[in-house]
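Position chain B relative to chain A; hints supplied.
Sequence order for the protein chains is A and B.
Numbering follows the UniProt record's numbering, in which position 259 of the first sequence is assigned residue number 259; successive positions increment by one, without gaps.
Numbering follows the UniProt record's numbering, in which position 272 of the second sequence is assigned residue number 272; successive positions increment by one, without gaps.
What follows is a set of in silico ranges between Cβ atoms, one per label pair, in the way DEER data are often shown: (1) A:G14 - B:L25: 23 to 31 Å; (2) B:M125 - A:G9: 26 to 34 Å; (3) A:P37 - B:V267: 56 to 64 Å; (4) B:S120 - A:A231: 37 to 45 Å.
To be clear, the hints were calculated from the coordinates, so they are not data collected in a lab.
Note that CB positions come from ideal geometry on N, CA and C, so glycine has one too.
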Amino acid sequence: MTVRLDGVGLTHPGGFQALHDIDLSINQGERVAIIGPSGAGKTSLLRLLGTGLAPSTGQLHLLGVDPATLKGQALRRLRARIGLIHQSPPLPPRQRVVTAVLAGRLGQWSLLRSLISLCYPLDSAGARAALEPLDLQDKLFARCDQLSGGQLQRVGIARVLYQRADLLLADEPVSAMDPVLADHTLNVLGKVAAERQISLVASLHAVDLALRHFPRIIGLRAGRVLFDLPAERVSQAELDQLYSNDSFNEPVFADPVSAIAAASLEAPRRCT
Amino acid sequence: MYLSGTDVGVHGRPRDPAALPRLLLIILALLVLWPGLVLTEFNLATLVDPRNLDIFARFLAGFWPPELSSGFLTLLGKATLETLAMATAGLVLALLLAVPLSLISSHALSVSALARGQPSPVGRMLRYPARLLLIILRSIPEIVWALLFVRAVGLGPTAGVLAIAITYSGMLGKVYAEIYESVDRRPAQALLQAGSSRLAAFCYGILPAAAQELTSYTLYRWECAIRASVIMGFVGAGGLGQMIDLSIRMFAGGEVVTILLTFLVLVLAADQLSNLLRRRLA
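Extracted from the complex, chain A is given alone in its bound form (with noise of 0.2 Å):
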């Protein structure tokens, strides 16, 4: 099991309460992604998952640990076996897509290589095998401020996959890009994470690339899981209910199904 929730809801500071009670387990090398209307919670899910956010209440278990338990040198291990590939890239500008990519390793690396790797990059073979299967290993000597959004969004998966993660995780990991390149670098990471045996966690806009490309969908609204599906068992309705969007919808509900509809969102469906 790489991962496992229990019961999880987690509360920002400021008391606006993003996710409720989630009972999720994730096999390792299954893929998963994760959809649901903006707002919904899924970065949140994500940023749980790599530890980049403590659940409020509930249990999370992550390869086999629980990280609210581990603390310091322990924490830090687990976390350089996460790899959570953001949704704008955190790269600094002045710095050349090499060190970007490089940096992907500083869990595991020492200080002292580290610091060299920063004067003279020692492993940019490395960098640019990483770089390879997106297309982008010309760009390996150029500055990340040189690039356009899709590129930087390839460079941040590019430094996950040099990370040698034994978890990925992905938060939108394709909008930036064309849609061919979408459903390539959607590819890419579907091959890594199978040939490795490694689960692979997505949050998605597209739908149609949620389902072409991960074999189980999970729905998520206002915080709670609507439903977690494999993916050819996800229907029209459940999709529709999924981004039914009261607000917006409203004057256009004149016929009396799509008023059913609405009204089933008060109490939410939970299939698990």
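Relative to chain A, chain B alone:
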């Protein structure tokens, strides 16, 4: 309906809600500054008073022409080198203290802030002594330290170097810590979240964004250290300061103006160097 949230004035223009507070702030600033001018007996008229102007002119006339004899220039060259060495050595010693203290006192590298959004109380309590030490270091002016060290280690540049090292470590440490906090912290936080150590996260996540500003501020402080070492020369710490002190006492106006021109060249050079490095790091 559309503008229901905004206050609409008489002419139908939406009223800027920030206008009134801004006006009040300006009035407040004037009210605070006025007593300062009164207290210092500041009066522009005394400056253009014909009697004062005459004294001023005669004083300045003594400065011309600049002294350019080879004997004096040799002495000047040696004193300039001594001043530069004092400023540079002082700054390097200051950096040895300022860099670790700035890293400790800055909360840009807080690991606990990852999960909570802000540093834990324990972290804040540990950072406070470092901040306090920086405040103590810079609260006493370098000239006071220089007077103290001249008595302790004797006349000469060593006193100046120590005085600059102590005061400037306080200034550099404070501003460095603030620069780390002013740049985008997400790169460093992402690295910390991927298990990196703090120092590695600093070097890979904060340094690239902060390098330009750090260099620029350090060079500006080097320029200040050159000026400070001149002032400390007056209390016997050697260099150009001691030289200008002697020249003024001997009413050698020509020598004074040559030394002042040397300052000008030094500051210009520091400025050019700063520009060059900033462009290289941009």
